[in-house]
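For our numbering, count along the sequence shown from 1 and bump the result up by 35.
Keep in mind that the hints were calculated from the coordinates and are not lab data.
Where is the CB? At the ideal position from N, CA and C, for every residue including glycine.
Careful: at least some of the hints might be erroneous.
[Said to hold, decoys possible] Distance windows between CB atoms, simulated: (1) Arg-45 / Trp-112: 13 to 23 Å; (2) Ala-110 / Gln-78: 36 to 46 Å; (3) Ala-42 / Leu-76: 16 to 26 Å.
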Amino acid sequence: MSFVNGAPYRHIGGAVIGDHGPIALAEVRALAGFYEREAGLNQLTGAAGAAEICGLRARVLRAALEAADRWRRAAGWRDPEAADRASSYPFRPLAGA
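I would like the entire structure built from these sequences, with the hints used as guidance.
Structure below.
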């Protein structure tokens, strides 16, 4: 049996990539917040394993978000999220994703 190794979200060239393609930075920020809230709720209800998994997912998302933000700023974007809306940006987030 083979398992997928590594984080499900990664920073690559100014984009946060998930298993279904690039994700807009605003959506990454919202998703990280969701996992942070889930981690807290699971901790309160005694579901330590679920809290740990959600917390790890949130940290991975935040790290990818920060790396993409730094990359985009270094590439000259004053507003890193504006790249998600630019027609010339090569990593277009999937519509409706």
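Taking the hints in turn, this is what the structure says about them:
1. About 19 Å separates the C-beta atoms of Arg-45 and Trp-112, a value consistent with the hinted range of 13 to 23 Å.
2. Take Ala-110 and Gln-78: their Cβ atoms lie about 38 Å apart, and the range 36 to 46 Å holds.
3. Ala-42 and Leu-76 have their C-beta atoms about 22 Å apart, which keeps the hinted 16 to 26 Å range intact.
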